[in-house]
Every structure is written in C-alpha cells, then in structure tokens.
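Please work from the sequences and hints to get the whole structure.
The chain contents come next:
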Amino acid sequence: MRYTQHTRFLIVCLVILILLPWFFQTIESSYLVSTFTRLVIFAIAAVSLDLLIGYTGLVSFGHAAFLGVGAYTVGILSFHAYEETTFLGLPGTLSGLVSIPLAIVLSALVALIIGALSLRTKGVYFIMITLSFGQMLFFLFVSLEQYGGDDGMMMFDGRNTLPGFNLNDRVEFYYFCLTWFVLFFWFSTRLVRSKFGRTLAAIRQNEDRLSSIGINEYWAKLQIFVIAGIGAGLAGALSANHTEFISPDITHWTRSGDLMIVVILGGMGTLIGPVLGTFLFLLLEEFLPLILHSLGLNLLSEHWRFVFGPILILMVLYAKFGLYGLIFRQRS
Amino acid sequence: MLEIQNLCKSFGALKASDDLSLSVDQGTIHALIGPNGAGKTTLISQLSGYMQPNSGMITFDGQDLLTVPAHKRPHAGLVRSFQITSVFPELTVLDNICLVLQSMRGHAHSIIRLAASDYFEQNEAQEILTRVGLNDKAYSLTGNLAHGQKRQVEIAMALATKPKLLLLDEPMAGMGTEESLQIMDLLNVLRKSVTMLLVEHDMDVVFSLADKISVLVYGRVVASDTPENIRNNQDVQEAYLGGNELKTKAEIC
Amino acid sequence: MAQLYFEQLLNGIQLGMFLFLVSSGLTLIFGFMNVINLAHGSLFMIGAYAIAFLHGVTNSFLLALILSLPVVAIFAWVIEVVIISRLYTRDHLDQVLATFALILFINEGTTMLFGRTPMFLDVPPLLSGMISIFGVVSYPLYRIAIIVAGLAVAFVLWIIIAKTRLGMLIRAGTTNRETVEQLGVNINQLNTIIFVAGAMFAGFAGMLAGPLTSVEVGMGENLLILCFVCIVIGGIGSIRGALLGAITVGVVDTMGRAFVPDLLGKFLEPTAASGISAGLSSMSIYLLMVVVLVVKPTGLFPVVKSH
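Top to bottom, those sequences are chains D, F and V.
Every letter in the first sequence is one number past the one before it in our numbering, and letter 173, counting from 1, is 176.
Every letter in the second sequence is one number past the one before it in our numbering, and letter 149, counting from 1, is 196.
Every letter in the third sequence is one number past the one before it in our numbering, and letter 213, counting from 1, is 416.
A couple of the hints might just be wrong.
Residues from chain D shown here face chain V by an in silico Cβ test under 7 Å; the list is partial [what the hints assert, rightly or not]:
1. Leu13
2. Thr246
3. Gly260
Cross-link-like lysine-lysine pairs, in silico, DSS-like; alpha carbons within 27 Å at most [as the list claims (entries may be wrong)]:
4. D:Lys125 <-> V:Lys499
5. F:Lys209 <-> F:Lys119
6. V:Lys499 <-> F:Lys119
7. F:Lys184 <-> F:Lys259
8. F:Lys62 <-> V:Lys366
9. D:Lys125 <-> D:Lys323
10. F:Lys119 <-> D:Lys125
11. F:Lys184 <-> F:Lys209
12. F:Lys239 <-> F:Lys259
13. F:Lys239 <-> F:Lys211
14. F:Lys211 <-> F:Lys119
15. F:Lys209 <-> F:Lys239
FYI, nobody ran anything at the bench for these hints, they're computed from the structure.
All figures in this text were calculated on a predicted structure; none of them were measured in a lab.
Ideal Cβ placement from N, Cα and C applies to all residues, glycine included.
So, in structure tokens, the structure goes:
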C-alpha cells in the first residue's frame, strides 16, 4: 500500500517537473528553470548519499570528494579542448558523450580506491578517514594551479556538446539533467528493492552478523560505496556544466556536511526524502532571506543560517523522520 | 566431521585455548560443558572464523578450516548460532530467512534480482519457518518478537544454510521451561540430518540430548566420553568445584 | 641550514601546542562522553574573538586574557546544557549533524556581531621580541611562551588525571562508563565539568592564537580537522595520545610545508613543483591519518573499552 502511495506521489512530482519550464515561461520567470536544474543535480548527489547513510548505515563525511572528481573531469577536458593542449598526451574535448561517461568512470575508480581503504575502518574512524580523503582531494584541486587552483576555472567554450541537442539552452539542459535524475532515481529504487538492497539493510541493522550467514560485508559495502560515488560524480559533472565553472569549493568538507543535512532533513533511508530535503534546502537558501526580509527581520535575512542552524538542531533532536515522515506520516 | 588438534589461543597472558583437542563425529550431538571462563565461547569464535588461533589445526569435513575465511565457512557447511540472540530486527522473520537463502545461493550482491519477487525463495523460507514452528510469525518484524521466538529465528537462519555442522552457543540461555522444551524437541528432530556441537550450562539439556560430552576447563579438554561415563568421572566432578555444577536442576531445587 | 631546521621544528612544536590544547578537550569529550563535537573548533574561535574584542576595550593583553576565560566558560556551559547533553544517547551521525548545525549558528552569530573583516591583535609588549635558543637560533619570545604554556597545561592535566579523584573518574569513565555511574557520582555534573574544561583549553588556545593569526570566522574549523588527525593518531580518549599526536601533526605539517617545495624542486620544474608541493604539504597530514587508519583501523593507541 505504501508503494502505491509513493508511486502516485512520484508520478505527480515527475509530471510537475516535466511541465515546470513551460510554466515558468508562462509566468515569465524562465530564470527559475536554472534553480530547478540545480535542485535536480543536487538531488542526484543527495540520493546517492542516502544509499550510503540511510540504507547501509555508512556515515561518509567525504562524499563531496566525488562531486569534485566529476566536476574536474569535465573541467579539465574542457580546458584542454579550449587551449588546444593535451593532458598526459590525450586531447581535451567538449563532447558530452566523452566527458560525462569519463566522469562516471573516474568517480567509480576513485570511489574504489577510497572505499577499499576507508571501509577497513568502522564507526567514528570511518567518518574521520572519509573526511580526510575529502580534504586530500580538496587540497589536490587547490594545488592544480593550471586549472585555476583556489579560484577555480571557467568553461570558456560553454557546456558539453551532445549531438542533436544544445545544452547551452537553459531548458534543454534542464531536461538533460532531469533525465539523468530520473534514471538514477529509478536505478536506486530498484537497487534498494533488490537482493543486494536486502543485504544493505542487513548491514545497517547488524553488520557483525553478516559473515556468519555467509556474506562478505566488506565487498558489499565497497559495492555500494562505488555506486554512491558514481552518483555523486555524475552530479559533479552536471554541476560543472550547469555553472560552467569548476572550483575546489565543490569538494569542501562543508559541502559533505550540506549533503548530509539534506538527506536527514528530507528523511534518510527513503530516497524520496533526500529529494524533498534538497527541495527544502534550496528553497530555504533562496527564499528564507526574502521571508525574513519581508517580516522586517532584515538583519536575520542576510544571516539566515542563524535561524537555520537551530531549526536543524531541533530537527535532528526531535524530528528525525524528516519531511518524508511529515508527508507520509511514517518514521523512516 | 570436525577434528580440532592442539588448538592454542592466548590473549596476552591468558590462555583461552590451551592445547585443545576435540573430535566431533558426524550425525551426533556433541556437548561441550565447563565452568565459566573455560574458553567455550573462544573456541566457538575460532571455529566460526571470528578469531584466528595462535597455533593448532582444525579439520572440517576433510579440509583445513583455518584457510577458509569466516564468511565462507557457512558455505562450507559450518554455521554458528549466538549466545546473545543476533537477528536483523527491522526485517520480517521471513526476510531474515530469505537473506540467508540468498546468501547461500550467491545472490547477496545482485542488483538485478528483486527481493520481493523470488517466490521460490520465499516458499523455501516458509518451509523452514514451519519446521521451527514460526510460520505464523513470518511477516512480523523480528525485533518485536519474544526472546524465545528470536532464538527460533536464529536457529531457522542456521538451518537455511543447510549446515553440515551447527555450532550452538548456549541456545537455552534466557529461555523459560516451555521455550527450552520446544528448542530441545527441535534439536532432537534435527539430530538425524545435522551434526551439532552444543555449548550449554543447563545439565538437563546436556544429558538428555548429548551423544557425547566433552569437558573444557582452563582451555583444555579434560574428558571426552558418553554422558554416563562423564557423570561418574571423578576428575570432572572435582573440576567443577566438588561436583556442585554437575547436579541437574532437579537435584538442586 | 641547521638553523632553519631548528626554527621550523620549533614552529612545528608551537603549532602542536595549539593542536594539543584543542585536541585534549576533543579527545576527553569523545572518550568520556562518546560525543563527536564538531563545534569544538568554534570554542577556539570564540576565545580568539573574545580576547581580540576585550583587548580593544581594555588595551591590556593580560586583562583581556583573564576576562576571556569566563566568557568561553559561560558559552561552553550554555552549549553543553542546551545541546550537547541531549546528544549523549544519540548515535554519531546525529552528533555530527547537530554540532555541524551548531557551527553554522555560531559562525553566523559571530559574523553578525563582528562583521566579516578579520580582527587583529598585537603580541603583548612584554612578550614581544626575540630570545636566543641554545645559542643556535633567535626565536620569537611569544612563540616560546606558547610552547611553555602548552607544556604547563599538559603538566597540569597530567597531575589532575593521574593524581586526583576527578582524574580517576575520568580514566574510569573513558573505559567503562557504567562503573562510574554506579559509583554514585553525579554523571551530569561530571559531563558538564569535563565539557567546559575541554572547551576552556580550546578557548585558551584561541586566545593565545590571537596575536599570531587573523581572527576570523572559520579559523576554528581549519584547526579542528587537524585535531581529528591528532586524536586518531594518538588514540581517542588519551590525553597523552593527544599530546603525542598534536606534536607529530604540528611538526610534520610545518616541516612539510617548509621543505617539501625544495625537495620537489630537485625533481620537478619550478612551476609544477610549487603548485603540487603546496598541495602535497597540505595533503600530507591527511595522508598520514589515512596510513595510520589503514594499518591500525582503531588508531595507534586505542583506549580499550572494557564493557
């Protein structure tokens, strides 16, 4: 019964998302399409993190690392295409058919390495080691002076190309990202309902028991770690395209924190929750200042985090079921 | 079926297993008794692969068990149950069993196979639940069950692996009389198809179930014999502090 | 050359002292109360801002230092009572999220009070100037004072932990919490005391750091992440480990930054070397943490829990 409630909700959301650009055009606020593109991209990253935190119980504090890998893959390829130079002997490219799959492959590779090492630890040590890897990647990107270093770099030739489409068009790019989002969301839904999904639930509930029923929990965790890394890498690649700008900030540890907040705000372990959380978070970011301003609280409107912080603390302490719980009236 | 030779395991100065040797024959229920701290759970941990011994040999079903990693031992036919019940509380009872079944079939990592649509697996799980007497609780959340029922789920999970040897670490711990009898009946029925190594304190259970008893004291086996002979064994009586612990419940109360 | 090495070594030890002061509280809070407190760096920042502001008001470093201590203490007390105390029974994820949100709140509040321009503070005249160390190198007196202060705190902590009843309770609680509760001790009071004490060490470090660095929002977080490395290397719950870890991290980080560029310069072209070396030296500490955890997944000197 829960599934039909979900499915109805999802279909309604999907229809709304598909119709949005047309709607915005009618009310002459086409720039809002860009806001929703950002939402959809961030939602991919949030869903991928939910697979780790919500379903498997792996608190990764370095998930933003993969955003960086995806973004810089696209960025570096674009840079060399623009400069007409080579990277390790290979030419750059602006082709979306190369950049995005490559971003995915590289994210998977980096996730494999980071995961293989990090998953040897558990609990707070796992949190620490993933944080460290995130930091390492941050400083690595900062040190790449050729690619902007601390300041970052722009994609001077615009977004990636895709035969038959013009991704530089705001609306077409929105549908491009929406397609990826729908694909990844559908994939994640299937994954959590699969036998592997059951394995993940088992890991979260009682990980020590797995080996005694014949499952190698290390490999299972590594498997999901890589899959989640791919999701974030994809989001990073899309994000780079969206803003046409790549900087190390996308890998800063506070980004990892933001992702975690979004997953919890929305309701972890639900997949829909993180999407709702992303929605709420971005909405708050855009509109809380305006709301506070209209309430006459001008000082706070600039410093909305001052209000947001305590709200978040209260949610963590007393309303952990998040938005999902509020909407579907269930504990996640 | 199981041959343990000169097993040694130390934790610093403490010798949990001190040149331990033990033999379990196929098709028997072999009980392991001994005072607290004798090293019974350490032995089970080494058999299940949770711990590695410092030295010694363990041969299971003809192969060297020490080369088999912990998560492969259930696939080889060696399964343990836990002294403190350990199940997956947020899964249904049926799912707990299905999880074991999917693991045995090698589907634990499969993204493609959906969990809810494998009717073959679910039927098999139902069968196992019926065997342990839990089929009416198939769709209950395991976390909500009574202690004794959780223990039944554990045993069902062990059965789902189609074990050759079942390591039972104090299966009666924390059970009421009626629950204990249920489990005992179950073990009696299983005796024909599964070899068992049973660690237990409850002497009633031990003497009524066991084909053979080994006594473990300070990490070594001091006696290994039929229940009658063990009962009359002077050394064993002494080792148990003047024979007190060997009295059955009936004799004490 | 030896002069340069020695100077950088001293710099490393001095950084280590800051790290120790902040890490000691962090490791105690984590070891005793099993709480990950991401906002611990904020207390460092609060100490720095307090002294910067009070120095502006009183024009006396010493007075500002003395007055800043109760400011930090009150802050810490409020944070503990209102938020941290509710996190003791929660899992680490909740603690990470709640304290992360706390950082947002504190950082934003600080910006509201003091604006975004960094504040600066001069080294107190009494401690300015140089001092000769073993006749080898001329080194800033203030930095020596910091090293001395750090060692003094370490000594005081050692006395408390090893020789007093409070210390015994702390040691016991770090390995086995239930025992301490059963001793009839008011555990809530103890939690608050330990938290506030740990916070004050961090705040004290912030006060000392005032003259050396620009006082700005975010200074706490940068230090905090390094502190995590310290306590993982040294072992969570161990003060001795925090000192060991802090000095190690301080020295490795400082020496790394000072000498890696030269080292790499011998192998690579100058332009490539400078960029990568900056990255490498920043990365070095995290690399160290990863290596330690891969080899020993529970840290170098884990405090073994006995429950």
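Checked hints:
1. Leu13: At 26 Å from the nearest chain V Cβ, leucine 13 of chain D fails the 7 Å test, so the hint is violated.
2. Thr246: 23 Å, violated
3. Gly260: Hint on glycine 260 of chain D: holds, closest Cβ of chain V at ~5 Å, below 7 Å.
4. D:Lys125 <-> V:Lys499: Holds: lysine 125 of chain D and lysine 499 of chain V sit about 11 Å apart, inside 27 Å.
5. F:Lys209 <-> F:Lys119: 14 Å, holds
6. V:Lys499 <-> F:Lys119: OK: lysine 499 of chain V and lysine 119 of chain F at ~24 Å, within 27 Å.
7. F:Lys184 <-> F:Lys259: 35 Å, violated
8. F:Lys62 <-> V:Lys366: Given pair lysine 62 of chain F, lysine 366 of chain V is violated - Cα atoms ~34 Å apart, limit 27 Å.
9. D:Lys125 <-> D:Lys323: 23 Å, holds
10. F:Lys119 <-> D:Lys125: Roughly 22 Å separates the two Cα atoms, so the pair holds.
11. F:Lys184 <-> F:Lys209: It holds: about 21 Å lies between the C-alpha atoms, which stays within 27 Å.
12. F:Lys239 <-> F:Lys259: 15 Å, holds
13. F:Lys239 <-> F:Lys211: Holds - the C-alpha atoms of lysine 211 of chain F and lysine 239 of chain F are around 11 Å apart, at most 27 Å.
14. F:Lys211 <-> F:Lys119: Given that 27 Å is the threshold and the Cα spacing comes to 14 Å, the pair holds.
15. F:Lys209 <-> F:Lys239: Within the cut-off at roughly 13 Å; holds.
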